[in-house]
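Engineer: Chain by chain, the residues run as shown.
4 protein chains.
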Amino acid sequence: MNKTRLEAFSDAVIAIIMTIMVLELKIPHGDDLDALKPLIPVFLAYVLSFIYLGIYWNNHHHMLQATRKVNGKVLWSNMLLLFWLSMVPFATGWMGENHFAPLPTALYGVVLLLCAISYTLLQNKLTKHSDGENALLAEAIGSDLKGKISMIIYIAAIPLAFVQQNISHAIYVIVALIWLVPDKRIESKINK
Amino acid sequence: MNKTRLEAFSDAVIAIIMTIMVLELKIPHGDDLDALKPLIPVFLAYVLSFIYLGIYWNNHHHMLQATRKVNGKVLWSNMLLLFWLSMVPFATGWMGENHFAPLPTALYGVVLLLCAISYTLLQNKLTKHSDGENALLAEAIGSDLKGKISMIIYIAAIPLAFVQQNISHAIYVIVALIWLVPDKRIESKINK
Amino acid sequence: MNKTRLEAFSDAVIAIIMTIMVLELKIPHGDDLDALKPLIPVFLAYVLSFIYLGIYWNNHHHMLQATRKVNGKVLWSNMLLLFWLSMVPFATGWMGENHFAPLPTALYGVVLLLCAISYTLLQNKLTKHSDGENALLAEAIGSDLKGKISMIIYIAAIPLAFVQQNISHAIYVIVALIWLVPDKRIESKINK
Amino acid sequence: MNKTRLEAFSDAVIAIIMTIMVLELKIPHGDDLDALKPLIPVFLAYVLSFIYLGIYWNNHHHMLQATRKVNGKVLWSNMLLLFWLSMVPFATGWMGENHFAPLPTALYGVVLLLCAISYTLLQNKLTKHSDGENALLAEAIGSDLKGKISMIIYIAAIPLAFVQQNISHAIYVIVALIWLVPDKRIESKINK
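Residue numbers (numbering that gives the first Met the number 0), protein chains in the order written: chain E, 0 to 191; chain D, 0 to 191; chain Y, 0 to 191; chain V, 0 to 191.
Because the hints were derived from the structure by calculation, they are not lab data.
Being a predicted model, the structure only gives us computed values, none of them experimental.
Mixed in with the good hints, there may be bad ones.
Identical copies carry no separate label here, and so any pair may be met within one copy or between two of them.
[To be verified] No farther apart than 27 Å at their CA atoms in a straight line, the calculated lysine-lysine pairs in the BS3-like style are these: (1) K127 / K72; (2) K25 / K36; (3) K145 / K25; (4) K124 / K2; (5) K127 / K25; (6) K68 / K2; (7) K127 / K147; (8) K147 / K124; (9) K36 / K68; (10) K147 / K68; (11) K2 / K36; (12) K2 / K72; (13) K36 / K127; (14) K25 / K124; (15) K145 / K127; (16) K25 / K2; (17) K25 / K72.
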């Protein structure tokens with residue numbers, strides 16, 4: 000089965016998610032700086048989510064580059080990932096409009112965690128499918144330490160939001176920074 | 000005529016439909032659990048419709064994979080399918096926001112039925128068009144028992160919504176589960 | 000210069016236009032038939048515009064199929080067409096929500112006329128560009144009688160909206176029916 | 000690494016940005032000319048931004064045409080450009096709805112400047128990456144006088160918005176006109 004259409008569909012969905020998120024930046028009624036002020040937390044939340052979606056697109060791109068074949072299970076794992084990614088604008092908007100309050104901050108972490116779990120699932124389906132065909136990918140990913148650490152960190156960040164939400168925000172930013180670098184492992188394997 | 004652009008266009012439309020549906024999950028004003036509660040039915044309806052759209056994309060993908068040529072009639076049958084799929088977000092939102100009331104539940108069934116009919120029509124146009132060229136697809140589909148049963152079930156679900164809407168909801172979920180498995184028939188034929 | 004990316008971009012824009020138009024079908028608050036009634040004109044206007052956009056996509060698809068090369072002028076003519084197509088959802092929504100009142104009906108005709116003019120412009124740029132390379136397209140289009148008649152009819156429909164708007168609506172439907180058949184001229188030339 | 004998916008993703012994002020911008024043209028309640036009047040500034044701002052986004056898509060298209068390889072840094076520079084482009088609908092809507100008041104006019108200039116800076120950054124990443132592979136692009140761009148002048152003009156337009164906002168509007172229109180012509184430099188180099 001062909002992977003091109005899976006890539007094209009995922010690209011379209013991620014592109015739309017990234018872009019409709021900006022619709023949460025509602026145009027204010029006044030024309031002075033005071034009118035813009037309440038938008039600052041919404042904007043910051045948007046920046047963070049844009050980076051996260053960029054990371055997902057980027058790594059998705061790398062992962063499928065190293066893939067030769069996709070099957071039905073891969074298609075549905077991909078769908079699950081897209082579903083949770085489609086929840087990001089809601090979680091972002093709720094967190095931003097409530098000035099990063101505890102519950103919205105925790106929910107944001109839950110959505111990020113579910114995205115990370117779905118991504119790992121998709122990765123597993125892609126490497127298991129192989130029969131040696133996706134061996135390149137399997138080798139490149141290895142034990143996926145970075146993925147596992149991220150999920151553990153998210154799990155810590157969710158309850159921490161009720162203690163002191165700023166810790167959770169710091170965690171979300173740090174995980175984003177860890178992933179901002181595209182997956183060198185896969186890139187270097189492909190170039191060999 | 001080339002099928003690539005038909006695929007690309009359908010991908011884009013289905014991707015957008017899936018994603019704008021999430022806009023119905025309006026961001027609540029409060030920042031506590033009570034604020035999220037009214038969104039639960041909207042979320043559940045969204046999950047169901049996301050799965051249905053995923054199924055359509057998936058099967059559309061398989062069907063066109065087994066197709067060699069498309070013509071004007073195919074393009075318009077595809078347009079009809081996209082039209083009824085574009086009605087899914089409206090039906091989903093209306094059903095979700097009215098807590099799965101009878102009439103919205105019935106309308107949801109009507110939209111699903113019209114999607115199924117359009118899909119069957121597209122399938123017929125693709126297999127008839129052939130002159131042997133799309134014979135692979137025709138053979139893979141056979142009598143399309145699964146498609147026919149789905150339509151009969153939808154027809155039953157629509158009036159049942161006024162008797163006891165939960166029966167209809169159960170039916171919608173069951174049909175989705177039946178289709179969740181990608182069309183093995185086509186897949187196995189292609190691999191031969 | 001490559002035509003693939005021009006096709007992909009146009010596909011995306013037309014797909015989005017078609018799909019965001021459905022957002023004008025605002026979800027009503029009640030859950031009975033009365034709640035749906037005010038949506039009927041909006042729905043009808045949506046159906047008409049969906050068909051028009053389908054026609055444009057379809058003919059655009061055919062036209063570029065017969066094209067070998069695109070240049071800067073073609074890119075901008077295409078942009079102009081996309082701009083006027085992007086006005087269709089606004090004109091549709093305004094006409095639908097005002098129950099097909101005279102002025103919105105006339106504006107709808109103006110937008111259709113501007114789309115038709117832009118399309119003709121793009122066609123001219125594509126055939127002129129040729130140096131024989133797009134000769135196939137030039138030959139297939141010929142004097143473009145159908146395109147010219149459509150524009151004359153639109154010009155008549157605009158003032159007629161203020162006399163009796165139903166005449167204009169009938170005209171819009173008739174022109175859509177004329178074009179619903181994909182451009183046999185190009186198709187037959189390609190198949191030769 | 001493959002550039003096709005980068006192009007496809009950028010196309011999708013730019014297409015969505017261009018199209019959701021039109022959602023700011025809120026459908027008025029009346030059905031007469033008075034109802035349309037308040038939309039005129041929003042429409043004019045939309046036209047200007049549509050042209051700017053068209054220019055970016057066009058030049059992006061040309062730039063990647065002359066590119067052979069992309070890497071992680073290019074992907075992220077591209078993401079940054081898409082981020083600032085995604086701010087254009089907000090800036091456009093704010094400027095349009097406030098009848099081109101000074102602060103929104105200045106903010107529009109800031110967003111345009113940030114888009115221009117990101118574009119230059121992407122260009123640099125693409126030419127530096129090369130090792131001679133993207134030499135064609137490097138040669139075609141040369142000292143990028145047009146890009147540098149545009150940025151200087153934007154920097155002037157931002158404070159000028161508080162003196163007399165019409166000067167800034169005139170500047171935005173002039174820069175758009177300068178760029179409306181696709182980058183002949185690259186086109187001519189490719190054709191050689």
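Engineer: Decide, hint by hint, whether the structure agrees.
Structural biologist: Right, here's what the structure says about each hint:
1. K127 / K72: within (10 Å within a copy, 30 Å between copies)
2. K25 / K36: Classified as both; 12 Å inside a copy, 22 Å across copies.
3. K145 / K25: Classified as neither: same-chain Cα gap 36 Å, cross-chain 34 Å, threshold 27 Å.
4. K124 / K2: This pair counts as both: shortest intra-copy Cα distance 14 Å, inter-copy 25 Å.
5. K127 / K25: neither (44 Å within a copy, 39 Å between copies)
6. K68 / K2: The answer is both: 6 Å in one copy and 20 Å across copies each meet 27 Å.
7. K127 / K147: within (18 Å within a copy, 35 Å between copies)
8. K147 / K124: Within. Shortest intra-copy distance 16 Å satisfies the 27 Å Cα cut-off; inter-copy 32 Å does not.
9. K36 / K68: neither (49 Å within a copy, 42 Å between copies)
10. K147 / K68: within (25 Å within a copy, 31 Å between copies)
11. K2 / K36: Answer is neither; intra-copy 45 Å and inter-copy 39 Å both fail.
12. K2 / K72: both (13 Å within a copy, 25 Å between copies)
13. K36 / K127: Classified as neither; 50 Å inside a copy, 39 Å across copies.
14. K25 / K124: Cα proximity of K25 and K124: none, with 40 Å in one copy and 33 Å across.
15. K145 / K127: For K145 and K127, only the intra-copy Cα distance (19 Å) is at most 27 Å; the inter-copy one is 29 Å.
16. K25 / K2: neither (37 Å within a copy, 34 Å between copies)
17. K25 / K72: For K25 and K72, neither the intra-copy (39 Å) nor the inter-copy (32 Å) Cα distance is at most 27 Å.
Hint violations for this structure: numbers 3, 5, 9, 11, 13, 14, 16, 17, all remaining hints satisfied.
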